Structures are given as C-alpha cells and as structure tokens.
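J.: Protein chains in written order, with the numbering used here: chain A, 299 to 645; chain B, 299 to 645; chain C, 299 to 645; chain D, 299 to 645.
Any given hint could turn out to be false.
Unchecked claim - Simulated restraints on C-beta separations:
#, chain 1, residue 1, chain 2, residue 2, range
1, C, Asp517, A, Ser322, 52 to 60 Å
2, A, Glu420, B, Thr424, 52 to 60 Å
3, B, Asp550, A, Arg448, 41 to 49 Å
4, D, Pro311, C, Ala628, 47 to 55 Å
5, B, Ala485, C, Gln413, 47 to 55 Å
Honestly, the hints are just simulated from the structure, not real lab data.
Because the structure is a prediction, the values reported are computed rather than measured.
Glycine is no exception: its CB is placed at the ideal position from the N, C-alpha and C atoms.
There are 4 protein chains.
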Amino acid sequence: MDFRSDNVAGAAPDILQAVIDANSGTVTSYGNDPYSDRVEKRLGEIFEKPVKAFAVATGTACNALALSALTPSYGAILCHEEAHIHLDECGAPELFTGGAKLVPIHGPGGKLTAQGVRDVLEQTLTGDPHRVQPAALSITQATEAGTCYRPAEIAALAEIARGRQMKVHMDGARFANAVAHLGVAPAEITWKAGVDVLSFGATKNGALGAEIVVFFDTDLAESFVVRRKRGGQLLSKMRFVSAQLEAYLKGDRWLELARHANAMATRLSQGLQHLPQASLLHPVEANEIFVRLPQGVLAGLRDAGFSFYDWTDAAPGTIRLVLAFNTDPAHVEAFIQTAGRLAAEAA
Amino acid sequence: MDFRSDNVAGAAPDILQAVIDANSGTVTSYGNDPYSDRVEKRLGEIFEKPVKAFAVATGTACNALALSALTPSYGAILCHEEAHIHLDECGAPELFTGGAKLVPIHGPGGKLTAQGVRDVLEQTLTGDPHRVQPAALSITQATEAGTCYRPAEIAALAEIARGRQMKVHMDGARFANAVAHLGVAPAEITWKAGVDVLSFGATKNGALGAEIVVFFDTDLAESFVVRRKRGGQLLSKMRFVSAQLEAYLKGDRWLELARHANAMATRLSQGLQHLPQASLLHPVEANEIFVRLPQGVLAGLRDAGFSFYDWTDAAPGTIRLVLAFNTDPAHVEAFIQTAGRLAAEAA
Amino acid sequence: MDFRSDNVAGAAPDILQAVIDANSGTVTSYGNDPYSDRVEKRLGEIFEKPVKAFAVATGTACNALALSALTPSYGAILCHEEAHIHLDECGAPELFTGGAKLVPIHGPGGKLTAQGVRDVLEQTLTGDPHRVQPAALSITQATEAGTCYRPAEIAALAEIARGRQMKVHMDGARFANAVAHLGVAPAEITWKAGVDVLSFGATKNGALGAEIVVFFDTDLAESFVVRRKRGGQLLSKMRFVSAQLEAYLKGDRWLELARHANAMATRLSQGLQHLPQASLLHPVEANEIFVRLPQGVLAGLRDAGFSFYDWTDAAPGTIRLVLAFNTDPAHVEAFIQTAGRLAAEAA
Amino acid sequence: MDFRSDNVAGAAPDILQAVIDANSGTVTSYGNDPYSDRVEKRLGEIFEKPVKAFAVATGTACNALALSALTPSYGAILCHEEAHIHLDECGAPELFTGGAKLVPIHGPGGKLTAQGVRDVLEQTLTGDPHRVQPAALSITQATEAGTCYRPAEIAALAEIARGRQMKVHMDGARFANAVAHLGVAPAEITWKAGVDVLSFGATKNGALGAEIVVFFDTDLAESFVVRRKRGGQLLSKMRFVSAQLEAYLKGDRWLELARHANAMATRLSQGLQHLPQASLLHPVEANEIFVRLPQGVLAGLRDAGFSFYDWTDAAPGTIRLVLAFNTDPAHVEAFIQTAGRLAAEAA
C-alpha cells in the first residue's frame, strides 16, 4: 500500500500495449516517425490550435529544455519557491539555459500571486544591466502543493509577464490532474490564458516514460529540434515514446486516468480530515495530499504496511500522500480506517 | 528492406517482454529499484570487476554525461574526426561538459592512431595555459567506420593518454558488435586496456531505448548520480529502462544479437565485393558497410525497394548499409542478387 | 559633491604613478612579469602565509572566477540575499561556474548568521541528489550593508561550511575597509577563520582597475591560471594591473586609503544621526551609509549639488552614501550642514 | 632587443597621458561616462556609419563576448585553423557562447578561402539537426600569419556566410596594422564587405589594456550591455579604459602607430630575405614575420641579445618576430646585421 509517489506506479495497460504494438517493422528513427506526427496533430485537437510538439524522456528534461527556448543565458526565470524546476531538478534549468537564474517567489498554497510577481519585477528586476533580465515566468499546474490555478489566475500572471516581454511556461507534470479537477478545456488554462509553452507530462499518469514539450507560440519552437538533440533527448527509437503518448491522448484517456487519481485523493483527504489530530496543509485539488498527523499515528501506519514520504520542507509530522492512476480504492479505505483507529487510540 | 540504420529496427522480443514483466506493483522510483541494482551487478560479472553503472535514455546523453565526469570545462577531448561525439551529437558534449573542446584527429578506417594522438599532444596541446588542457581521449568501439580496435591498439592509445593524466572514454554504442567480432573478453578491450568509462549501448542492438554509463574507475563515478539527474536522464520509472538492460545482458543475449547483425554484414559485404564496380571503404568488422557503387545501381536498388543512406561525408556514390539484430537474411540475399543484376546490366 | 559610489572616484596619485613608472622597456606579457611576482610575495607577507594570487580587471570577474574554482556546475553557493554576487553581477557566477546555483539567505545587517546557514543546509540542501549540492559559502567583507563580520562570526560560518565539505569564499571588494575598521590582522578574518579564497579589491579604494584572487588553500589554485585565461581576464600587458596592486599594497597604503574613507563615513553618519528625521539602517562600519531621510530633505540636498543614489531595495526615502579614499572632508561637512538646515526647516 | 610580441611593449606616451588626464574629479561609473560616449561617436566617424561600441579589458574577452552575441549555444563558428579564437583563447569562446563549436578550416597564408568555407557548409554543416548549426564566420584581420585579407576576399567570404544566415565577425586585434597596410578606408574591410561585428584592438598597438567591440549591425548589440557585465568586462572605472581608446583613435594616431610597426616589419623582412638560408613563411603584410633560419643562426642571435619565440606550430627552426608601435629602428638594423653575419659564417 504505497502512497509515496505517482512515480512508483507502473504503466497503464493500454499504454503498455501501444508500446508492444509499435514494435513492428522498421520505422524512421530520431522522431521522424508517424507516431510522433500523429501525436502532434492530436495535441492540436486537444488544444484547439495547431502546435509544435517534441517528445522527451523525462520531466526534468521537458522543463529544462522548454525553458532554454524562452530565456537567454542572462535571463531570469520567475517561479514559485517550491517549484520543481527550482528545488528538485538539481540545476537542470541552469544547465540547459546556459546559466539563467531562477528567482523563487513566495505564495500561499504553492501558487504564485500577481502581487508577488509584480513585487519582484518592480523592486528587484527592473531592467538594471547589473542584474539578470526577466525572461520567463514558470507556473506549475497542478502545483507542487496539489492545488490548481484557476484560468483567471493564470491570465493575471501571464499579463504581468507580457508587460515585461517575458514568456510564460507551464510545468504540467500533472497537467491532466489539473484539467480533470477544474473541468475546463485545456486551452482555457494554457494559450488562451497566455501560456506560450507547456511541459505536458504523461509519466506520472500512466506512461512508462514520456513527456512532451508543447509550443503554442510556434515561433519559439524554431530551433527546438536542435535543442532536443543537443540535450540528449532525441531518442533514436522515438516511436516507443510517441506510441505511449498516442495511447495516452486517445480520446479522454489521459483525463480518465487523472480523474481516478484525483478521486482517490479526494476520498482519502475526506477520510482524514474528520480526524481531530489531522490538519491538511492545502486544499486537495489534484492527486496529492499534504497532511500533518501525530508521530504515533504515522508510526502505526507504517507498521501497518503503508508507505509515504515525510515532507521535510514542512513542519515535523507532515507527510505527503500521492494517489496514482491505478491506486486501489481498497488501499485508500484501509488507510482511512487504520489512521482513524490509531488516532482514536492516541486521543 | 530497410538498411538505413540499426535504429529503424524495433526491439528484440525478450527485451520487450522484460518491460512488460516489469509492469507489476509499485517500485521505488528514480533508479533506486532492484532492476537497476541487478544490472550493475551483472555488469560487474561481464567485466570481471565491480563497476558503477548508470542507465540513461539515449546514446548522446550516455556519451555526453560520461565525458562530463572526465573533463573540466577548460579541457580538451581528443577523438577521431568522424567520432559521433564530434559530428553527430549537435554539441551535446560541449553542453554537458560546460564547454570543453573536442579535438578531432584524422586516422584511417575510422580509427585513431597512436601517432595521430601523440602529434596533437606534442605539437598543439602541450599544456600552454593559452590553450585548452588535454583531459580525455574518446575511442569509439566499434568505430563509426564499422571497424574494431584490437586490444593492443586501445592499450597503446590509453598509455599515451595516461602519460598526460588524461582519462579514457569508450563510446560503445556498438560495443556488443565489437566484442562479438573480436571474440575477446569484454575486460580485454576496456579496463584491462586502460579504459576508465564505457558508454555501453543497447538501443541499436535490440533495446527500445536503454544505454548505460559504466565506470571501471569507480572514483570517477562519485558525483555521477547528481550529474545524471541534472542532465535530465534520471527516469522516474527507471525500472522500465533497467529491465531492458537486464534482459539484454542476460547470459550471452547481447552478443547473440550482435552476432546476427555482424553475420548479416559479413554476408552482405561478401556478396557485394565480388562486383567489379563495388568498392568497400573499410573492412567490415561490425554491422556497418560503407560501399561505393555506380549511381545507376543505387537508383535501381532504391526502385527495387531497398532503403539506405547516401554517405555524404565520403565521395558521391558512397552509401552506408546497416544490419540489425533482426535483419532478415532473405533481405540480404535479395540485396546481393539485385545489386549483382544491376551491376551486370550496367557493365 | 559626489557620494554616489566609491567607483566614481579616480585613482590615488601614487597608484597612478606606479602605472606611469611601469611603462618602461619590454616586459614579458600575460602575467609572467616581475610586478606580478612581487605582488604575490607581498600578499604572502600581508597574510602571514604563502599564497597564490591572480590579478584580474574587475570585481565581478574576481568573484565569479574565484567561485568557479570552488564549485562544480551542480553545486550550490550559499550567500547573503543582498550579496553582490547574487544581486549585482548579472549572473556572472552562473556563467563562470557553468550554472551553479546561488542560494540567497536572509540575515540582519547584511550579514549571514550561523542559524540561517544551518537551516538551509539541514532543511533544503541535505545532499538529496535531486537538489544541487552544497559546495561553497560566500561571505562579503565589508558587507553590502556597510557592516563588518567579526573574526568569530566568520569562523563560526566557516566551521558550518567545513562540516559539509564546502569551501569558503570571501568577497573582499571592500576588504581594506573591513581590516581598517576592525583593526585586526588580515589573517584573522581570512584563512585563520577558515576562508579558502579571497577576492581582494583595490579598484574601489584607489586603483584604476585592479582586483586579485588570493588563494590561501593553494591546492585550489591548481588550474586557476587556465581559468583566468579562459575567462578573458589574463591581460596581455598585465604589468599595468600588477603595478597598481604593488603600489596599493606597499606598506600600509591600502589601509591608509581605507581609513580615510571609513573616517569620512563615520563623520558623516555622526553628523546625520543627530537629526530627528534621520534613521540609519545599519551601523556604519566601513565606508557606506544607508540612511532614511524625508523626501524634502533629499530633494533639497540634490538641489544643493549633492549626488547620491536612492536605495530602491529598501523603503522609499532611503539613500546610500559612499565615501571614498579621496573624499574631501569639506564635502562631508557641507552635507551635514545642508541636511541639518533642511531638516530644521522641514520640522 | 625584444621581438617576442607586441604585448611586451609598453604604452604610447600620449595614450598613457590620456589616462593621467582622466584622473580628475568624479565620473559616473560602469561605462556611463563621457569618455565612452565620445569613443562610440568617434568610431562612427572612422567607420562612416553609426555604431554601437563596448570597451573591454582584453582581446580574448573582446572576441568571445562578440561571438556570444552572434551564435546560439548550438551554433558553429567557422574560422581559420590557426585563428586565435580557436587556438589561443583556452576555450573562452566556448565559455561565453555557452558551448558553441569552433570549426577550424585550413587555408594558405593564415587566410580562409571561399572554397574552404563552402566545402564545410556543403559537406558537413548542411543544417542536419544532429549537427551544430552554422551561425558565425570569424575572420582575423590582419591574420595570425601576418597577412591581410583584401576587401574582395572579405566580401566573398561574407557573402557565403549570408547565404546561410550566418553573422560575420572580425577579430581585429591587429586591425590597425591591416588598415595601414592596405591603405583602405576602415569601412571597406568591415561593414561594406559584410562584417557585422569587429573586435577592435588597441592593446597590441600602444594602449595599456583596451579593446572594443564595434557593432555595425546595431540590432545585434541589443543585449550586449548585459552580456558585458555578465562576462566580467564592465569596468567600474571605465573612464580609464575609454580614455585610452579616445587617445588611440584621435585623428590618425592609431594608424600612425601601426604604420611604424608595419614599416619595421617590412624593413626587417627585407633585410632577412636576402639571406640564402632564410625562408619567409608568409608575405609580410602587417607587423609579424614568420621566418625559418638555421638553428646556429638562431642560437647566435639569442646570444647576441635578441629575444623571439620559436614557432612550434611550424617546422623546427621557424621563429616569429613581432614589431611594435615603438620598436627602435636600430634594433631592427642590429638584427639584420647580426643575422647576416651569422649566416655568412655558417655558409
């Protein structure tokens, strides 16, 4: 009963089947294959706009390469202080951009606020040539805190960025979970709200290893085929990545997978918030729960066979629970019951 | 009947099956999984020495990341003028090393010569602080010309490198083909001959997408776990890559696959060299053939449904034929017969 | 009457004279000159320890190059949130280090606290391979706030760094002002307190353009001759830079120049702090004053011919006043009198 | 009697005087000074076109920064195989461009040929995304071999570059010597011939340390103020560099200095070419002579007090003689006489 991460889950059966089916005959290598073409076209349908799209193998590369197309080496990338690109990619954005500077900004619930971004631009990054130049704003959707930006929030942030000729990037490692939660058209929280480039994740939501950089501003994609190669992300047998994406994006499959993960998270959080000793750090709007529980309860849960991570960036006793596209509802119920029993004993 | 590249082939059935089998239960993410551990151990057996090994998704990343562990940013990496790292990785080594300089060296048959390397070190890279500092020597085995270094050749090159405190890298995108051709123990052409780090390829030889950096000098691996993450090559669901490698390295499977490709290349080259108009550029010692044929013959072959690449780096009329782990012998025979017929008509 | 910066001042007459005197005969270029040798030896005397020293042309290069010798590209450099390397060098440290990450830390009076550094190391940079690895700590002495670290404060910070195998850098753009203020031996606030490398400035304190990287841990200097060249800081006619440094470091000249600047700052701050509307942001321990005054007073001062910068990183009405090695005491008195008069009128 | 380099010479008296004169009063720092403004204007006169110009401290930085404005990190910079940027700047162009690749091209007399450049573009750098993308062509004027490109030669090279949307850079460390030799208007061998950016040197020709990047295509200069800062080349007391350039460019002073050096080189080469044992490697068209002499003659010259460098990139017995703006004609005559005598004795 493993709630450590959506990365500990395997692959959805239909996505794996697509990989199996792709293993037939010879196919042009290095991304010039019909699978990749079809994925790009399908993304155009999903986003109601022609896009340029480039599959890669990891989320870190997906973000770092996308950012490298948006900023010169002397640029600043504004992001939330808990952003994955800032905290958990080991300097990959710095590597791929040639040394651009990430500027972390505080905001409640894992979300940037218009005021927070404006303050940095007006007080620190005014254009002074002794300082890095504002180049990009990166928004994570769903956020690292398991919350979701509303369309108007994104639009407000993007408008500030535009005012300084900055580009807007969205880290969508859990984009599907956000769309599923918000119930909006994908276009509403991306290009219609001012997003130029999306790092669209599939791995956490049922793929084996497949992410794709989606350019809504296709001019920005001009040299991306070269950047991807140089970045070590142009797979020779790309069909095996693109086939995953094709299966993922077929109909509503990507949303269906996310809806399950989200529903599990909702159920689990509802089951926990009744406990008097439990406190949720953030509203649960995707597939992650950040909750504080007494140490005794946590120890008891672990003894009972549940796995989860301590969230060391927050107060002691805080854990993260992540629900996956294939989480067994029985595991969720078992967690709720066990936690309830342990909490009652502790009270 | 596709002889364009070993990358146009799909995956070997048993390797694909290993991926399918790996899709079971939850597994710790980001490389801390039992598949990865077993692969590292198996490599220790194959090379008769404990190694540190780090799986990645592409050959370009495998080379560029390996080199980044061997050279400071002000270093020079000596390599053959036709080396993949120099010509076909779009500057990835420059990116991952922070701007190290590749120094291309001429040598017949795609192979570096001791004299060629010595000349560069004695005449150009003498240690003068106005010039980059010799840091690494990169040897491709099998070479880009489809030839193989003998153990003594590697040892001679490595000894020169040692004399200048340089590290030795081997680009083994087709390492299996070289071992299969030479019939030597893997250790004989790697660490016993002075190689510090091997980029061990599997993708071209039957994997979906799996390469692995193998450190014989394990001290050099110290920070590699961080470099891999920063380079965007730490797959979250790494089990799906490591499972491929595990199947690939099971028993002699990797050599069996390579032997087939090599045998096909031998057969095809033997069939072609009888033709008076054909001239082989290099001895065929792996799974690649570089051959010059009259344009009419080439056109006829294409009309007959054969695919292959013009080799524009050589004289007009030169083509490259690559044989794969799963090349159908009937396709090879058909090529020989068709070429023979066309050549006879042209004569 | 210009209090904008110590960079608006010219050069001290004896330092300029040294440049004039150096213009005699031919001299080996690129730093292999007797001036440079003598400077290195003199620094060994000043610091009571043999050092390796490398002159450069700018303070930004002096810091960025020094840091590049202390951190791998995947490293983190901890510094104060107001550090020049973080805020005012436009990403030069990121460029020269190949993309290392600066981690800004809050602390009162422009000074890092042991607790602040410890918190970052224990909570954020724990060694997790998904995050950059702590590599260096950079301390500014005198600080950007015009304050000075005491020897024990530096030692405490350096000890924390050592505990994580981090190197310690000191940005000494105003090192002379700190030594002059503290009245300690230079060794006491550098290597004896745990500093590995000092960026020792001369430009702000009377040189035309001359800074020097001083390695106390001389092993770290191993490749620095190459780094300096690659960084575009190996002047061909280096004698003209080294001659400045030689004059600067002759006897106590460097301290004498700093003492004047410091004395001017002390006098000016004393003159201002009597005013009921004035509030000093920080104790004045070097040659900079940060003071808040009513806007009317500021406007009046400007009308009266005084120049100074608004300090936009602080509250409106805050200005920075910088005193130089050659500030005319009469200008200081005039400032005090004018401010006093304007403040009285405003009251 | 020192013929090692034009960098062993000191500074011209009037240029030094300009530095002395600049040491007066306070002046806005970081390049926003009237000296810098006047230099930019004066360059506009000299080149008969408004330019953007940015002073820096070293030739290596001047080249590397200029190139960084012309190429993305995945770009290729084509240059002569003996180009200073390729051989003698220790990877500075790679550092400042974020890892662009220098592509060395052979050509007689230190000069690129149209055919040589065309071959590389047509055979190797065809635009294939697996290879770096042609971005800039760098021409050295006068060349590293002491020869000069004629206007039509530059125009022919630049036209090829334009055909591939490449930018054209000129390394003008000895630009004055070339203009003096050719007797053309500076515009004729720069923007009128297709050059976008010139690294205009002064240090070798009489300055203490002053070079300037001159943008003829001023759009390319857009972010250069930021690049210069980030590159550690924005001197705080820039007036002392710009004052040198102002004196250097006053009237024909820069050409006058170069004419002297050139005349000395002409005289010396004429004196040597009479010797039967002497062979000049290249026509002498600037201030450098590459000559092969018997080892006994070279030893005798050194015994007689002459200094010069062995030119190890060429055959044994080859030396380089560099004449400076202030070379004493008597030293030249003495060299000729001594060499003549030694050669006669050896014959």
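J.: Against the range 47 to 55 Å, how does the distance between the Cβ atoms of D/Pro311 and C/Ala628 compare: consistent or not?
T.: violated, 35 Å
J.: State, for the Cβ atoms of B/Asp550 and A/Arg448, whether the hinted interval 41 to 49 Å holds or is violated.
T.: Given range 41 to 49 Å: violated, Cβ gap about 58 Å.
J.: Quick check on a hinted range of 47 to 55 Å for B/Ala485 and C/Gln413, using CB atoms only.
T.: Holds - the Cβ-Cβ distance for B/Ala485 and C/Gln413, about 53 Å, lies within 47 to 55 Å.
J.: Taking 52 to 60 Å as the stated bounds, is the beta-carbon spacing between A/Glu420 and B/Thr424 within them?
T.: holds, 54 Å
J.: So the hint says 52 to 60 Å: do the beta-carbon atoms of C/Asp517 and A/Ser322 match that?
T.: With a Cβ separation near 58 Å, C/Asp517 and A/Ser322 satisfy 52 to 60 Å, so the hint holds.
Violated hints for the displayed structure, listed by number in ascending order: 3, 4.
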